[in-house]
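A.B. asks: Listed here are the chains, written in short residue letters.
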Amino acid sequence: MKKIVIREEYCIGCRLCEIHCLVQHSKSKEIIKAYKGEYPKPMSRVRVEQLHHLSFAMQCRHCEDAPCLEACLSGAMHRDKKTGAVLCDEDKCVGCWMCIMVCPFGVIERNTEGKKIASKCDLCTGQEKPVCVKNCPNEAIVYEE
Amino acid sequence: MKNNSKYLIIGNSVAAVACVESIRRTDAEGSITLVSDETYHTYSRPLISYLLGGKIGPERMFYRDNNFYTENNVNAILGKKAVKIDADKKTVVLNDGSELGYEKLMISTGGTPIVPDMPGVKSSGVFTFTTWDDTNNIKEYIEKNKVKKAVVIGGGLIGLKATEALLALDIKVTILELADRILAATFDKKASAIIGSELEKVGCAVITNNTVTKINAAKTGAKNIKEVVLKNKKKIPAEILIVAIGVRPNIEFLKSSGIKTNRGIVVDDKMQSSLKDVYAAGDCCEAKEFLSGLPQVIAIWPSAARQGRIAGNNMAGGTEKYTGNLAKNSVELCGVPTISVGLTDTTKEKALEVIEVYEPENLIYRKVVIRNNKIVGIVFVGNITRAGIYTGLIKDGVDISSFRSHILKEDFGLISLPKEYRKHLVSGAGIEV
Numbered sequence: 036m037k038k039i040v041i042r043e044e045y046c047i048g049c050r051l052c053e054i055h056c057l058v059q060h061s062k063s064k065e066i067i068k069a070y071k072g073e074y075p076k077p078m079s080r081v082r083v084e085q086l087h088h089l090s091f092a093m094q095c096r097h098c099e100d101a102p103c104l105e106a107c108l109s110g111a112m113h114r115d116k117k118t119g120a121v122l123c124d125e126d127k128c129v130g131c132w133m134c135i136m137v138c139p140f141g142v143i144e145r146n147t148e149g150k151k152i153a154s155k156c157d158l159c160t161g162q163e164k165p166v167c168v169k170n171c172p173n174e175a176i177v178y179e180e
Numbered sequence: 015m016k017n018n019s020k021y022l023i024i025g026n027s028v029a030a031v032a033c034v035e036s037i038r039r040t041d042a043e044g045s046i047t048l049v050s051d052e053t054y055h056t057y058s059r060p061l062i063s064y065l066l067g068g069k070i071g072p073e074r075m076f077y078r079d080n081n082f083y084t085e086n087n088v089n090a091i092l093g094k095k096a097v098k099i100d101a102d103k104k105t106v107v108l109n110d111g112s113e114l115g116y117e118k119l120m121i122s123t124g125g126t127p128i129v130p131d132m133p134g135v136k137s138s139g140v141f142t143f144t145t146w147d148d149t150n151n152i153k154e155y156i157e158k159n160k161v162k163k164a165v166v167i168g169g170g171l172i173g174l175k176a177t178e179a180l181l182a183l184d185i186k187v188t189i190l191e192l193a194d195r196i197l198a199a200t201f202d203k204k205a206s207a208i209i210g211s212e213l214e215k216v217g218c219a220v221i222t223n224n225t226v227t228k229i230n231a232a233k234t235g236a237k238n239i240k241e242v243v244l245k246n247k248k249k250i251p252a253e254i255l256i257v258a259i260g261v262r263p264n265i266e267f268l269k270s271s272g273i274k275t276n277r278g279i280v281v282d283d284k285m286q287s288s289l290k291d292v293y294a295a296g297d298c299c300e301a302k303e304f305l306s307g308l309p310q311v312i313a314i315w316p317s318a319a320r321q322g323r324i325a326g327n328n329m330a331g332g333t334e335k336y337t338g339n340l341a342k343n344s345v346e347l348c349g350v351p352t353i354s355v356g357l358t359d360t361t362k363e364k365a366l367e368v369i370e371v372y373e374p375e376n377l378i379y380r381k382v383v384i385r386n387n388k389i390v391g392i393v394f395v396g397n398i399t400r401a402g403i404y405t406g407l408i409k410d411g412v413d414i415s416s417f418r419s420h421i422l423k424e425d426f427g428l429i430s431l432p433k434e435y436r437k438h439l440v441s442g443a444g445i446e447v
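Protein sequences appear in the order of chains H and R. Per the numbering used here, residue 36 is the first one in the first sequence, and the count goes up by one each step. Per the numbering used here, residue 15 is the first one in the second sequence, and the count goes up by one each step.
Treat the hints as calculated values from the structure; they're not laboratory data. One should not assume that every hint holds.
Stretch by stretch, here's where chain H covers chain R in the computed footprint (C-beta under 8 Å, at least three residues) [stated by the list, open to error]: (1) 54–66; (2) 75–81; (3) 113–121; (4) 317–325; (5) 423–432.
Okay, derived cross-link-like pairs now, PhoX-like style, lysine-lysine, Cα gap no bigger than 20 Å in a straight line [unchecked claim]: (6) R:K69 to H:K151; (7) R:K69 to H:K150; (8) H:K127 to R:K69; (9) H:K169 to H:K64; (10) R:K364 to R:K204; (11) R:K153 to R:K136; (12) R:K160 to R:K233; (13) R:K69 to R:K249; (14) H:K37 to R:K437; (15) R:K20 to R:K136; (16) R:K335 to R:K302; (17) R:K228 to R:K204.
Glycine included, C-beta positions come from ideal geometry on N, C-alpha and C.
All chains should be built: construct the whole structure from the sequences, respecting the hints.
C.D. replies: This is the structure we're talking about:
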């Protein structure tokens, strides 16, 4: 399957990926509304980690052997049969946070503004390329087979 | 007539489901029969507290699609109980007298709630809380008797989740805990205190170092429970009583089988029991504990899922091995998320070191337990951000010397970890840093 490959040596820490991700996962898909006028507030599913001169964008690795799938007690966390992506069915999720407890990448977050749900990268379902990759100015994340 | 199948699974919870899926990954054809004394499709037992509290409806109890059995070609016998296994004849006898033959058997019968023997324990209104049927019975009783006051015995996870559900139904709850604090098995004192005081804020009484010795019921009618009498003779009115002091492996029916058991069924790294071709997984078995290497029953969902998968793989001729049980619990109580993993009790071993952040006024407590420069446990209350990174460090036994001072900093992340470990983590399956 196609996955997002992280190239930390190219990341300039601009955090544009976070902004595009948040907007993509908003209702309006408009930046000002997404940041200032939506409830529940949309969240970015990618996180830029930064330490001194090093930085990289980190999002769900869509693991082959995904511990979150095994830990999920509601059946919300599932693997998409077509794409192989690990997705969270937000209607099923009860917010038990078992996935957060077991994800070694720490890329699942609590979204508690509305109904409590686990928030994670969905590889921008329906898009040809995840928006974080598409909008990265320095190809620090690339989408590859 | 004997009904033979290649794979026979007793049980229908997560270990059984994971076993089915695991078998089907390598063997698409071999016949699978599954037996369960419950009549339900694949439902999630941990969701019963959400169901009781009205957070979800019955339709959301199922964690697999309703074509799960057909899609995996499973002959599911629901509503019948396995009462005996005969490992020489390779058969399992059900409560209706029928006999099922097997080539490979998997036992995942889970746990049975412990109910202490005490006067009045058979009164109406005394319940345990582990199954969907329990939930339905409790709900029906509450509605019929317009219950407004409840007592819960046991301040562990099941007791507290039951409490939360009862509170959501506008029922006043008193929790009785024999230990000196709630959540004594998974939490330390500071973590217990935060949740304890939150429970009290929402009107729940928490009584520790005490338990029920007698139940008084109405003398007439349905003999409904009226009150409980405590160890110190104090009486507490109770219109319903939930007994949640723990579960024990459900292995009574195996007595005549010759299978080796301690507290639970003894298994090896392949989840095979002392009997040839008989495997066990989940809350009924006693697998190797991850940190100590010693056998221990750890009744948690993710372990059951993994054990079921390992059992299924080996039953179908695979060679996967179980790396061990690591105690881990995630539970949100009174809106405060909590996660505990591994060794959390630091009072019994001098060599353990602790790094912690403690802000009770903000309901935040984060503790990391260290032994020989490796993390062996965490307790996070109020802020569980990226807890899984720590779980991963425990499992991989990573030396923390190079990032120790950073370990509970807000920006702690993969970037704090040694480069080789970080690259190892995110590489594989076509991913490289």
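A.B. asks: All the hints need checking, so say for each whether the structure fits it.
C.D. replies: Comparing the hints with the structure gives:
{"no.": "1", "hint": "54–66", "verdict": "holds (count 4)"}
{"no.": "2", "hint": "75–81", "verdict": "holds (count 3)"}
{"no.": "3", "hint": "113–121", "verdict": "violated (count 0)"}
{"no.": "4", "hint": "317–325", "verdict": "holds (count 3)"}
{"no.": "5", "hint": "423–432", "verdict": "holds (count 5)"}
{"no.": "6", "hint": "R:K69 to H:K151", "verdict": "holds, 11 Å"}
{"no.": "7", "hint": "R:K69 to H:K150", "verdict": "holds, 10 Å"}
{"no.": "8", "hint": "H:K127 to R:K69", "verdict": "holds, 11 Å"}
{"no.": "9", "hint": "H:K169 to H:K64", "verdict": "holds, 16 Å"}
{"no.": "10", "hint": "R:K364 to R:K204", "verdict": "holds, 19 Å"}
{"no.": "11", "hint": "R:K153 to R:K136", "verdict": "holds, 18 Å"}
{"no.": "12", "hint": "R:K160 to R:K233", "verdict": "holds, 19 Å"}
{"no.": "13", "hint": "R:K69 to R:K249", "verdict": "violated, 32 Å"}
{"no.": "14", "hint": "H:K37 to R:K437", "verdict": "holds, 19 Å"}
{"no.": "15", "hint": "R:K20 to R:K136", "verdict": "violated, 42 Å"}
{"no.": "16", "hint": "R:K335 to R:K302", "verdict": "holds, 11 Å"}
{"no.": "17", "hint": "R:K228 to R:K204", "verdict": "violated, 32 Å"}
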